[in-house]
Structure formats: C-alpha cells, structure tokens
Amino acid sequence: MATTESHHEVDPVTGQTLTGHRWDGIGELNTPLPRWWLMIFYACIVFAVGYWILYPAWPLIGGFSHGVLGQSSRADVAADLDAIKKVRAQTEAGLKDATVQQIVADKKLLALALAHGKAAFLANCAPCHGAGGQGGKGYRNLTNEDWLWGGALDDIQQTIAHGIRDYADTDTRQSTMPAFGAMGVLKPEEIRQVASYVRTLSKLAPEPGVDVQAGKKIFADNCAVCHGDDGKGMRSVGSANLTDGLQLYGGDFKDLIQTITYARNSTMPAWGAKLDPVTIKTLAVYVHSLGAGQ
Amino acid sequence: MSEAAIRKSQLPAEEDHREDYDEGPLYASAAKIYPQKVWGTFRRLKWGLLIVCLAAYYILPFVRWDRGPNEPHQAILIDLAHSRFYWFFIEIWPQEVYYFTGILVLAALALFLSNALFGRVWCGYFCPQTAWTDLFLWVERMVEGDRRDRMKLDAAPWSAGKLGKRAAKHALWLLVALATGGAFALYFADAPTLLRGLATLQAPTVAYVWIGILTFTTYALAGFMREQVCVYMCPWPRIQAALTDSEALNVTYRVDRGEPRLSLKEAARARVAGRPAGDCVDCGQCVAVCPMGVDIRKGLQLGCIQCGLCIDACDTVMKKIHRPIRLISYDTDENIKRRERGEKAVYKLIRPRTIFYAVVIAAVGSLMLYKLTTRQNLGLSVLHVRAPMYTATPNDAVRNGYTLRFANKWGEPHHYALTVDGVAGASIKSEEADKLPDGRLEVDVDPDATAEVQLYVTAPRSSASAAGVAIVMTATDLQSGETVSVADHFFGP
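Just so you know, the protein sequences line up as chains A and B, in that order. Each residue of the first sequence is one higher than the last, beginning at 8 in the numbering used here. Each residue of the second sequence is one higher than the last, beginning at 13 in the numbering used here.
Be aware that one or more of the hints could be misleading.
What the hints assert, rightly or not - Here are the computed lysine-lysine pairs in the BS3-like style, where the Cα-Cα straight-line distance is at most 25 Å:
(1) B:Lys49 x A:Lys114
(2) B:Lys49 x B:Lys164
(3) A:Lys93 x A:Lys115
(4) B:Lys164 x B:Lys177
(5) B:Lys310 x B:Lys356
(6) B:Lys447 x B:Lys49
(7) B:Lys441 x A:Lys114
(8) B:Lys310 x B:Lys277
(9) A:Lys115 x B:Lys421
(10) B:Lys58 x B:Lys181
(11) A:Lys93 x A:Lys114
(12) A:Lys114 x A:Lys103
(13) A:Lys114 x B:Lys421
(14) A:Lys125 x B:Lys441
(15) B:Lys447 x A:Lys115
(16) B:Lys332 x B:Lys277
(17) A:Lys210 x A:Lys224
(18) A:Lys115 x A:Lys144
(19) A:Lys261 x A:Lys281
(20) B:Lys441 x A:Lys115
(21) A:Lys261 x A:Lys144
(22) B:Lys58 x B:Lys441
(23) A:Lys210 x A:Lys239
(24) B:Lys177 x A:Lys125
As the list claims (entries may be wrong) - Taking beta-carbon pairs under 10 Å as the criterion, some of the chain A residues facing chain B (in silico):
(25) Gln108
(26) Val111
(27) Gly142
(28) Asp153
(29) Asn248
(30) Gly252
(31) Val292
(32) Ser296
(33) Gly298
Hint data in this document are derived by calculation from the structure and do not stem from the laboratory. Treat the numbers as computed from the prediction; the structure is a model and nothing was measured. Note that CB positions come from ideal geometry on N, CA and C, so glycine has one too.
Using the sequences provided together with the hints, build the complete structure.
In structure tokens form, the structure reads like this:
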C-alpha cells in the first residue's frame with residue numbers, strides 16, 4: 008500500500024501533492040483536470056446521450072436510428088422549397104395573367120419580370136448568348152437589331168418558347184439554307200464570286216481578283232429568293248440581312264465561303280419544353296430590354 | 013524624494029499592495045470591493061444625473077416624429093431591416109455612415125475637452141458602466157445591507173437567510189437588467205408596437221434574443237465585473253492618462269493640507285505643541301466609499317473614475333471634527349505646489365489645450381452641419397455595362413449600356429428627368445423609363461427608395477472611340493428642381 012500512502016505525499020517545493028509515481032527518485036506532481044473542465048466533459052456526455060435519443064444518430068444495417076423527434080434535413084429542405092414556391096406564386100400571380108406587352112407597360116410588373124428574367128437568362132441562356140447577351144460567333148448578339156426572326160416582344164417570346172430548328176417542337180422556327188457547295192449547286196469559283204459580292208452589300212472591300220459582277224448574277228439566281236434582291240433578308244423565313252455588316256457567322260471572305268459551301272443551320276432549343284410560361288415571358292421581356300427590342 | 017514617494021512612505025506597509033493596480037501581482041484575482049453608503053453634494057448630483065439620463069433613455073424611443081405616410085413615425089429609430097437611421101429631422105442612409113464617424117470624432121473630442129477641464133467626468137457621472145453599477149450597488153445595499161453587513165454575509169456560512177438574501181438580490185438585479193439593458197431594443201423597432209408585442213408574448217424572436225443578451229451583459233457587467241471593466245477592459249483610463257495635464261481639475265487629495273496625517277488626538281496634541289499636523293485623520297472613509305477601491309490619497313491613478321464620492325465622505329468627517337471641508341476636492345497638482353510655495357491657487361480653464369479642443373470641435377461640428385444642410389435628396393450613380401462594352405448596330409451606329417441607380421430620399425414618390433451630354437448625335441432609351449415630350453427620359457422612384465434603370469445610349473460610330481468619349485448623365489428632380497450629374501465613358505470600335 009506504499010502507493011496509497013505516497014499519494015498524500017506533498018512536494019516541499021511547490022506544496023502540491025504527488026501522484027505516487029516515482030522514477031529514479033523523481034516524483035510526479037498531482038495535477039488533476041480542472042473541475043470546470045471535467046463538469047463540461049460530463050455534461051457533453053449527457054448531452055450526447057440525449058441527442059442519440061432525440062435525433063437521427065446511429066447507422067444501422069439498411070437504415071439509421073430516426074430519433075424520437077423524427078427530424079430530417081431532407082424534409083426540412085423540401086418544406087423550405089415549398090414555402091418559397093408559395094411566396095413566389097403570390098408575387099408572380101401578376102406575371103402569370105399578363106401578356107408580355109402588359110408586363111412592359113406596368114412598372115411594377117416590369118421590375119419583377121426583369122429581375123426574374125435576368126436570373127433565368129444567366130442560368131439558361133448565358134452559356135451561349137453570354138452574360139450580357141453579347142453572344143459570339145454563331146451565337147446571336149441580343150444587344151443589336153440584327154434579328155433574324157424579329158425583335159418585337161411577341162417574336163422573342165415565340166423564339167424562346169419554340170426554338171429554332173428544334174424539330175421536336177412542331178411550332179419551331181424553320182428555315183434551311185442549302186449547302187450550295189456541298190450539294191454541287193455552285194462551283195468553288197462561283198462561291199468565291201458570290202462571297203465577294205455579299206461583302207460589297209455591307210460596304211466591305213471585295214476580294215481582289217474575284218469577279219464581283221459575276222457574283223451579283225449568281226446572287227440574283229440563287230440567293231435573292233430568300234435574302235431578297237437587295238440582300239436585306241426576310242424575317243418571315245429567318246434569312247439574314249446581308250447589308251448591315253453584322254453577320255452571325257462572321258463577315259470575312261473565308262467565313263462567307265464556309266457559310267455558302269456548307270450552310271450553317273444551327274439550333275436553338277425550344278425552351279417551352281423545359282421552362283414554365285412565366286419564365287418564358289420574363290425572358291422575353293428581359294431580352295427585349297437589352298437595348299435592341301423593337 | 014518625490015511627493016508621491018513621500019506620500020507612499022507615510023502609508024502603513026501592509027496597505028501598499030492592497031488595491032494597487034500598478035504594483036500588484038500579475039495574476040492575483042481582484043479583491044472584492046464593498047463600497048460604503050455615502051451622502052453629500054456629489055452623491056446627490058450623481059443620482060440626479062442618473063435619473064435624468066435614464067428618463068431620457070426611456071422616453072426617447074416613444075417620442076413620435078411625423079415623416080409622412082411612407083416612413084416610420086419614431087423620432088429615433090435604427091431600422092436595420094431597411095438600413096435606415098432616423099434622428100428627428102435627419103434620415104441617414106447606409107452610404108452616409110460617415111455622419112456616424114463624425115459623431116464618434118465629436119464624441120472623442122468632447123471627451124478630451126471634458127478631460128482637460130474637469131478630468132474624468134464622463135467616467136464618474138455619465139458612463140453607463142458607472143450608472144448601472146451604481147444602480148446595482150443600490151439594490152445590493154437594500155437587500156444585503158451596507159459595507160460591513162455585506163462583508164459579514166460573504167464570510168458567513170450558507171444558511172437559509174443568506175440564500176434568501178442572495179436569491180432576492182440576483183432576482184432584483186436581473187429585473188433591473190431586463191428593464192434597463194433590455195430597453196435598448198426599443199430603439200431598433202417601433203417602440204409601442206414592440207412593447208405591445210412583448211407584453212402579449214408576440215414580439216419577433218430576434219427581439220427576445222437581443223433583450224436576453226443585453227439583460228445578461230448588464231447583469232454581468234454591473235453585478236460582477238464592475239470596476240474590473242474600467243481597469244482592464246476600458247481603453248479610456250489609459251488614453252486619459254496620456255491626455256491629462258497638471259492644470260486639469262481632478263479629484264485630488266490636498267496633500268499640502270492633509271499631511272502629516274495623525275489621529276484626532278495626536279493632531280490636537282501636535283497643534284498645541286506647535287508641531288505640524290495635517291487635517292487627514294486617516295479614518296479611511298474615502299477608501300471605504302470608493303466604488304473602485306482606490307485610495308485617493310495616493311494621488312491621481314488609473315483606477316480612479318473621479319466620481320467624487322470620496323469628497324462627500326471626507327466632507328462628512330471634516331464637518332464632524334470641525335475642520336474645513338474639501339480636504340479632497342476638484343483641484344490640480346499645480347495648485348498643491350502653488351500653495352506649498354505660499355502662492356494662491358489658480359484655476360485655468362482656458363488654456364491652449366482647451367482652446368485647441370474647442371476649436372477642433374467647432375471645426376468638425378461645422379463641417380458636419382455644412383454637409384448635412386447641403387446634402388441632396390437625390391442620389392445617382394452609374395456603372396458601365398461591360399458585357400458587351402459596346403454594340404455595333406445595323407445603321408452604322410454604336411450603342412453603350414449603363415446601369416443607373418437613382419436614390420430618392422424624399423418621403424413621397426419623385427420623378428426625375430434624365431439627359432445625356434458629351435456624345436454628338438446621341439439618342440437614349442430605357443425599358444424602365446418613359447419618354448417625355450421634350451425627348452428626356454422620365455424615371456419614377458418610390459418614396460425613400462432606390463431604383464435601377466438600364467440606360468442605352470446610341471450614337472453614330474464617328475462619335476465613339478475605343479479609348480472612350482466622356483459622357484455625362486444628368487438627372488433633374490421634376491418636383492424640387494435638384495440636379496445631380498455622373499460621368500462615364502462612351503466606347504466604340
């Protein structure tokens with residue numbers, strides 16, 4: 008029982024008791040955990056047991072303990088989302104019943120639609136058309152007036168809802184430019200001539216050494232039916248205006264040859280299949296507000 | 013030997029370490045202070061100021077101020093939800109937070125000036141920490157008795173009586189804390205509505221949380237931490253020590269009159285024998301009443317909040333022993349030296365230091381007043397749309413987009429006309445604005461709100477440049493005629 012006795016032994020220097028452990032005559036001071044620390048530690052244990060009982064805690068085979076309170080983060084999120092939907096339904100009731108024209112005419116609805124539309128645009132449209140609608144080569148710049156299918160509110164709404172050349176949607180915008188080169192309609196030299204002529208329509212320099220007059224003749228025979236005799240395009244068939252210097256796929260000689268030889272005919276999805284009617288309306292209003300709406 | 017050293021050498025040795033913040037052991041726990049009850053001029057002044065300050069504190073949130081139908085009617089309101097601060101006729105928006113900076117600068121300068129004139133009057137009479145500690149001490153004294161009773165009670169073993177007294181004291185403290193600290197929440201919401209909500213237990217959760225926090229901090233700071241707050245937490249005592257000078261009035265033990273301190277009988281004998289005898293009879297009353305537990309006879313010190321209670325205590329004793337009062341008084345170290353040299357005491361309130369503070373206060377105050385009276389109720393800011401920087405349009409023109417934010421600080425809806433200058437042949441349009449007959453755009457903004465407007469400026473390509481042409485947007489308030497202009501650039505290829 009030597010250890011029990013030495014437990015009460017007091018170190019003469021510090022005045023503290025010793026634990027009784029001694030090695031080579033060196034004793035260990037007895038420094039117990041502070042009481043407050045120990046109390047908090049015990050309180051944590053009690054808390055943990057209570058937590059196991061009340062909340063989901065233990066993994067089981069094929070499941071987990073649900074706890075008395077039946078709390079579930081997943082159910083909480085679902086409830087929160089439902090609550091948000093209810094709030095949104097109230098604020099968006101006005102958007103639901105109004106036409107795009109009515110929305111633009113009403114300042115309060117317009118502010119709501121622009122906020123809604125901007126968020127929807129960034130989430131759905133920005134990947135192709137850019138964050139500010141500035142577009143890129145092959146992707147329409149929505150901030151200029153070079154609309155292929157019209158820039159009025161209704162036109163934009165129609166295009167967003169049904170897409171362009173998205174044949175899964177029966178109301179989609181349809182038009183196909185023939186691949187004049189690939190289909191053998193025009194020979195390479197003729198394509199060079201007509202491309203050079205198209206450049207002059209936008210007051211751009213023709214390619215040197217290429218017969219522009221021959222190109223004019225080829226244009227009248229092959230292109231004018233869709234693009235018009237003056238090359239200004241036709242919104243009814245979505246043909247491009249070739250006179251404004253703003254070409255969707257680029258106005259360089261090389262770009263034009265590529266376009267005429269193979270055609271482009273890219274697709275915009277019909278968003279009506281994916282987005283609700285209110286979002287389509289707000290997107291139309293937002294795109295219309297980007298400076299080029301008509 | 014310096015004066016301080018002489019004074020120190022005359023103190024009993026065991027007192028040297030008691031309540032001595034400068035030389036005490038670094039980690040010793042603070043000895044509990046039992047301030048004794050005292051009555052006199054300064055105690056009366058302190059109660060008076062406490063009542064006035066508390067009354068103002070309670071009445072102010074209920075004072076109404078008519079700002080029209082679209083804004084709150086509370087004279088002083090910190091509206092965090094709508095980020096507005098209301099002070100009678102002044103309404104401050106978040107971007108005008110520099111007014112708060114100005115008020116803080118003024119407050120600091122006023123503190124410096126008051127310190128140069130009368131020492132730590134803020135600490136002794138106005139600081140909430142002092143006021144609430146006073147209030148809590150009053151409760152403590154009512155429940156547990158005066159100094160000696162409290163000391164006895166603390167030393168006594170636990171009994172039903174002790175438990176009852178302790179329970180009563182803490183319950184009363186919590187009530188006082190709830191009623192005083194908790195009332196601060198009234199400044200952050202419509203006070204009558206909040207009070208009704210609290211009474212019917214239907215106030216917002218955040219109100220309960222904050223009232224709980226403020227009740228707890230009041231309880232802890234005024235009930236337990238007391239002088240520790242002043243000595244260890246507050247920066248002012250340390251700054252104050254650097255700002256004071258020898259002409260500043262401070263609560264001072266007139267060492268020239270008090271020393272050598274002798275007991276009443278010894279002093280009488282000494283006077284008969286023609287030996288020097290001071291007025292101080294070393295009764296210790298000045299120390300017993302001190303809420304900070306300092307000995308004022310050691311001179312000016314960090315722990316002294318200069319509340320003047322030792323003046324009251326000493327005056328009471330002096331009256332009893334038929335000596336002139338104000339052995340402890342508001343005085344200066346310079347005057348002690350002057351009297352020791354046989355000169356008359358001089359009180360210099362107007363000194364270069366006080367003049368300097370007054371001038372700076374006047375300058376900062378006038379600057380703020382000027383800013384406040386000339387500030388506009390219309391705000392306008394501009395941000396160039398960067399995607400795209402510009403758009404080439406079919407008819408050889410260039411368009412730039414700008415995000416304008418209008419701020420209407422009026423309490424009713426206002427209408428603004430927008431024009432653009434600096435770019436030749438520019439035309440403007442915006443989905444959010446209406447076109448006026450004269451070609452300007454009209455922007456409507458709700459009362460006390462901001463509105464964002466996307467402005468599109470289209471101009472011939474020749475008017476634009478890649479480096480940008482300076483463009484100025486000007487908004488004119490159609491009701492008040494106020495105008496504000498902002499500048500940006502117009503870019504092109």
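Structure-based check of all given hints:
A threshold of 25 Å between alpha carbons decides the hint, and for lysine 49 of chain B with lysine 114 of chain A the separation of about 69 Å lies outside it, so the pair is violated. This hinted pair checks out: lysine 49 of chain B and lysine 164 of chain B have alpha carbons roughly 16 Å apart, not beyond 25 Å. Taking the CA atoms of lysine 93 of chain A and lysine 115 of chain A, the gap is about 20 Å. The hint holds against a cut of 25 Å. Between lysine 164 of chain B and lysine 177 of chain B, the direct Cα distance comes to roughly 13 Å. Compliance with the 25 Å bound is thereby established for this hinted pair.
For the proposed pair lysine 310 of chain B and lysine 356 of chain B, the alpha carbon gap of about 23 Å is at most 25 Å, so the pair holds. Between lysine 447 of chain B and lysine 49 of chain B, the direct Cα distance comes to roughly 77 Å. Violation of the 25 Å bound is thereby established for this hinted pair. Proximity of lysine 441 of chain B to lysine 114 of chain A is assessed by CA-CA distance (about 15 Å); at most 25 Å being required, the pair is judged to hold. Taking the CA atoms of lysine 310 of chain B and lysine 277 of chain B, the gap is about 24 Å. The hint holds against a cut of 25 Å.
Distance restraint check for lysine 115 of chain A and lysine 421 of chain B: the Cα-Cα separation of roughly 20 Å lies within the 25 Å cut-off, and the hinted pair is therefore satisfied. A threshold of 25 Å between alpha carbons decides the hint, and for lysine 58 of chain B with lysine 181 of chain B the separation of about 22 Å falls inside it, so the pair holds. The straight-line distance between the Cα atoms of lysine 93 of chain A and lysine 114 of chain A is roughly 23 Å, inside the 25 Å bound, and the hint therefore holds. For the hint pairing lysine 114 of chain A with lysine 103 of chain A, the CA-to-CA distance comes to about 16 Å; that is within 25 Å, so the pair holds.
Annotation: proposed proximity of lysine 114 of chain A to lysine 421 of chain B holds, straight-line Cα distance about 20 Å (limit 25 Å). The hinted pair formed by lysine 125 of chain A and lysine 441 of chain B meets the criterion: a straight-line CA distance of about 19 Å does not exceed 25 Å. For the given pair, lysine 447 of chain B sits about 17 Å from lysine 115 of chain A by alpha-carbon distance, which is consistent with the 25 Å threshold. A C-alpha spacing of about 14 Å is found between lysine 332 of chain B and lysine 277 of chain B, which places the hinted pair at or below 25 Å, so the restraint holds.
With a C-alpha separation of about 18 Å, the suggested pair lysine 210 of chain A and lysine 224 of chain A falls inside the 25 Å cut-off, and the hint holds. For the proposed pair lysine 115 of chain A and lysine 144 of chain A, the alpha carbon gap of about 36 Å is over 25 Å, so the pair is violated. Pair hint lysine 261 of chain A plus lysine 281 of chain A does not hold up; C-alpha atoms about 37 Å apart against a cutoff of 25 Å. For the given pair, lysine 441 of chain B sits about 19 Å from lysine 115 of chain A by alpha-carbon distance, which is consistent with the 25 Å threshold.
For the hint pairing lysine 261 of chain A with lysine 144 of chain A, the CA-to-CA distance comes to about 14 Å; that is within 25 Å, so the pair holds. Straight-line distance between C-alpha atoms of lysine 58 of chain B and lysine 441 of chain B comes to about 66 Å, which puts the hinted pair past the 25 Å bound. For the given pair, lysine 210 of chain A sits about 13 Å from lysine 239 of chain A by alpha-carbon distance, which is consistent with the 25 Å threshold. A threshold of 25 Å between alpha carbons decides the hint, and for lysine 177 of chain B with lysine 125 of chain A the separation of about 66 Å lies outside it, so the pair is violated.
A hinted interface residue such as glutamine 108 of chain A counts as satisfied when its beta carbon comes closer than 10 Å to some beta carbon of chain B; here the least separation is about 12 Å, so the hint is violated. Of the supplied interface hints, the one on valine 111 of chain A holds, with its beta-carbon coming within about 7 Å of a beta-carbon of chain B, less than 10 Å. Given hint, glycine 142 of chain A at the interface with chain B, holds; its Cβ is 8 Å from that chain's nearest Cβ, closer than 10 Å. With its C-beta approaching chain B no nearer than about 6 Å, aspartate 153 of chain A sits inside the 10 Å limit, and its interface hint holds.
Interface hint status for asparagine 248 of chain A: upheld, as the beta-carbon distance to the closest one in chain B is roughly 7 Å, under 10 Å. With its C-beta approaching chain B no nearer than about 7 Å, glycine 252 of chain A sits inside the 10 Å limit, and its interface hint holds. The restraint placing valine 292 of chain A at the interface with chain B holds, with a minimum CB-CB distance near 8 Å, inside the 10 Å limit. Residue-level restraint check for serine 296 of chain A holds (minimum Cβ-Cβ distance to chain B is 4 Å; threshold 10 Å).
Taking 10 Å as the C-beta contact cut-off toward chain B, the hint placing glycine 298 of chain A at the interface holds, the least distance being around 4 Å.
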